[in-house]
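Please model the complete structure; the sequences and the hints are all you need to start from.
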Amino acid sequence: MGQKIRKCKNCGRYTLREICPVCGGKAFPTHPARFSPQDPYGRYRRMAKKG
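Each residue of the sequence shown is one higher than the one before, starting from 1 at the first, in my numbering.
Just so you know, these hints were derived from the structure itself, not from any lab. Treat the hints with care, since some could be wrong.
[Said to hold, decoys possible] Using 30 Å as the maximum straight-line C-alpha spacing, the simulated BS3-like pairs for lysine-lysine come out as follows:
| # | residue 1 | residue 2 |
| --- | --- | --- |
| 1 | 4 | 26 |
| 2 | 49 | 26 |
| 3 | 49 | 7 |
| 4 | 4 | 49 |
| 5 | 50 | 9 |
| 6 | 9 | 26 |
| 7 | 7 | 50 |
| 8 | 9 | 49 |
| 9 | 7 | 26 |
These numbers come from a predicted model, not from an experiment.
See below:
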């Protein structure tokens, strides 16, 4: 399986590693959650995005 890009929660840098090489923080995958037409929380996410 190919490597996926990740983003460090501490410093915000992108990396291919699970641990950030700059600050040593944990890096998480950047892909969004899977879309579902029956999304029960979509309405609330859109309201929060509007501000």
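To see whether the hints hold, each was checked on the structure:
For the suggested pair residue 4 and residue 26, the alpha carbons sit about 14 Å apart, so the restraint of at most 30 Å is met. Simply put, residue 49 and residue 26 have alpha-carbon atoms about 26 Å apart, close enough for the 30 Å limit, and the pair holds. Proposed proximity of residue 49 and residue 7 is supported: the alpha carbons are some 21 Å apart, at most 30 Å. Distance restraint check for residue 4 and residue 49: the Cα-Cα separation of roughly 26 Å lies within the 30 Å cut-off, and the hinted pair is therefore satisfied.
In summary, the hint linking residue 50 to residue 9 is supported, as the alpha carbons are separated by about 24 Å, within the 30 Å threshold. Restraint check: the Cα-Cα separation between residue 9 and residue 26 comes to about 6 Å, which is no more than 30 Å; the hinted pair holds. Taken as a hint, the residue 7 and residue 50 pair is honoured in the structure, with Cα atoms around 24 Å apart against an allowance of 30 Å. At most 30 Å may separate the alpha-carbon atoms for a hinted pair to count; residue 9 and residue 49 meet this at roughly 20 Å.
Between residue 7 and residue 26 the CA atoms are separated by roughly 8 Å; this keeps the pair inside 30 Å, and the hint holds.
Comparing the model with each numbered hint stated earlier shows that all of them hold.
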